[in-house]
Amino acid sequence: MTPLLETKDLSRHFKVGAKLFSHQLLHAVDDVNLTINEREIVALVGESGSGKSTMARLLAQVYKPTTGQITFQGKDVSQLRGRKRQLQYRSDVPMVFQDPFASLNPVYKVSHGIKRGLKLHRPELDAAGRHEELLRVVAAVGLNPPEEIIERYPYELSGGQRQRIGFAQALAYRPKLILADEPVSMLDVSIRIGLLNVMAKLRDEEGVSILYITHDIASARYVSDRVMVMYGGHVVEAGPTETVLADPKHPYTQLLLSAVPDPRAPLAITTEAAKAEPPVVIDPKPGCRFRARCPIAIDQCAHVTPLLQPLDPQHKAACHVTAPGVTAAA
Amino acid sequence: MSTPTPPEPFGWEPGISMSTLSEPQPERLPEPLLDVRDLRIVYDSPRGPVEACSGVNLTVRPGEFVGIVGESGCGKSTLLFGIAQLHSAPARIAGGEVLFRGKDLVTLPTKELNDLRWRNLAVVMQSAMNALNPVRTIASQFEDAILAHEKWSDERIRERSAEVLRLVSIDPVHLDSYPHQLSGGMRQRAMIAMALLFTPDLIVMDEPTSALDVVAQRSLMVQIKELQQQLGFAVVFVTHDMSLVSHFSDRLLVMYAGQVVEFGPTREVFDTPSHPYSKSLLDAFPSIRGPKVPLIGIPGDPPNLANPPAGCRFHPRCPVAQTPCTSEAPELYTLASSPDVESRCLAHRPTDPIDISLVNDAKEVQTS
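Chains A and B, in that order, give the protein sequences. If you want our numbering, it's the 1-based position in the first sequence plus 732. If you want our numbering, it's the 1-based position in the second sequence plus 59.
So here's chain A without its partners, still in its complex pose (with noise of 0.2 Å):
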């Protein structure tokens, strides 16, 4: 089966620095192979500064790559020529942004922003079936009644019901994959399962896969199939949630795991590996971007990059410690 959407060796690269010739480099994304299946949630975690939104808007096409391919449906989307191809793959994947009170723009009602979204993708539609259409997807994303939702401003919703408007805008272009970049970060804990809860029902009800972005371990446990660990730019865990989550390899992993606040368990953390600061990755050596706060370091870590590693046909992960290579091993 061909993913639906496949990136090869993909890296971001950013110049850096306060002089005009600077030939220092940032590497926000270096060498990411990601796939997304069809009907699939990928989470995509990590911390500030991990490349994970720059990810997306590789993905988006908002930046183009410094390195690498991004395959959809087959195609390489760099190669995509003219308007209306570019126009299907921002319509197959659109982005839902973090901050529901920015993205949506304040002086029209809610239902401007979808239906500009319908005329533009949707050219087959007349007026009647854009309204139609409109409050479909307001209905599909759980706000009720529809009717009465595309008559108000942004103001008049709560941050949940606008981040849900988010989605309706997406889902309006009957997309494919619906780039997700932290959707519930900026929301109360106790709203954030609702939207959540709407990303499943998108997947199994819509049939769109969304990569889902977040620094939130235990949220993307709760809605992904899989899930991706990105550090320093690098992904360095890959596979099914429940596998990753159960026997995290990465000491990253098992670090973002640890510090996420369970009140049903103990306390259990160390607090020098989670003071020390994310990575600056600019002109990087080779070596594992982890290994200044890792807890098992070893020498070889200073020196080679480890690449991800399968301990099983699914799971993968990046470590000279708890996942050595064939070559090491041998």
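One thing to keep in mind: the hints can contain errors.
DSBU-like cross-link-like pairs, simulated, lysine-lysine; straight-line CA separation at most 30 Å [what the hints assert, rightly or not]:
hint, chain 1, residue 1, chain 2, residue 2
1, B, Lys-351, A, Lys-933
2, A, Lys-807, A, Lys-841
3, B, Lys-162, B, Lys-210
4, A, Lys-908, A, Lys-740
5, B, Lys-351, A, Lys-908
6, A, Lys-796, A, Lys-747
Computed footprint of chain B on chain A, listed as stretches where at least three residues anywhere in the stretch have a Cβ under 8 Å from a Cβ of chain B [unchecked claim]:
hint, segment
7, 916-929
8, 944-957
To be clear, the hints were calculated from the coordinates, so they are not data collected in a lab. The structure displayed is predicted, hence computed values, not measured ones. The beta carbon of each residue, even a glycine, is placed where N, CA and C say it ideally should be.
Fit chain B to the supplied structure of chain A, relying on the hints for placement.
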């Protein structure tokens, strides 16, 4: 939730690098540091006053960590602003007292209040991004706060600033950094360092971790707790994430629609939440352990405080609401089973309590 219960799952567990920490102090100081009595704060709106804080009582003893939890729009931040007297029009205090070290802050003249603030009572604001001045170095902002209270020499200011930064594990070289040169976690820690300049008796924190990711968040919490044990200040900590304070606070105050709905020792509130709202909040976040169960969160939104529902303010969203709840406003009752816990639910009314044993039934339906 059928997770295996670890022994003594809540509270401050040893086993971390906490050589500096002492055992939690027993209640040998009956004199409260902060005593909020029947505080009412209203916002004057064109459509009439909106009461965001309706008769809140809260005591904080020296060295105590009190968590305040609730959803957005429940009056948590309003209460906190009321405590520090930071509210500005259209908010005003409509009644009640805020006794801090025996003085009523509500009626205290501004000059005395200014003297007290920062020296004895410091506030850490929600977003460190906005609370620090982007065009001034950390050192100059610290200096500003110090000079408002003391005429210290430049060296002494520098020395003290470096000292507090070290307390929060930031290298003092960052005194000459601008806020944008620090990461989010460091900025937030710098704010806390600033609050520590005079080693106050009470630090009030308004969601200091909400902009951070989980790892930074947990490390900041551990650090706050360590500092608290080391320096002995009391903390009032506001958050919407109830699970966050579970390991850190001594007592927990749950707010809903401007009212206290439950107040008691953290451990008891988590183990046996007596108010349906506390229980719903607790059930609203997914766990990374144990079986995966579908959750529903809390349907609906907090009520509009301009026109709160009659009876119990939580009844429209309550999974176990019954007919009396729609008309009879509950008071804060002391629980018969545990005298330290207060709960605003008719189920705990001393006379003629309603039956909410249904809470458990509803829970089973929900998880099956």
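How the hints compare with the structure:
| no. | hint | in the structure |
| --- | --- | --- |
| 1 | Lys-351(B) with Lys-933(A) | holds (16 Å) |
| 2 | Lys-807(A) with Lys-841(A) | violated (37 Å) |
| 3 | Lys-162(B) with Lys-210(B) | holds (25 Å) |
| 4 | Lys-908(A) with Lys-740(A) | holds (20 Å) |
| 5 | Lys-351(B) with Lys-908(A) | holds (27 Å) |
| 6 | Lys-796(A) with Lys-747(A) | holds (14 Å) |
| 7 | 916-929 | holds (count 9) |
| 8 | 944-957 | holds (count 7) |
Taken one by one, the earlier hints fail for this structure only at number 2.
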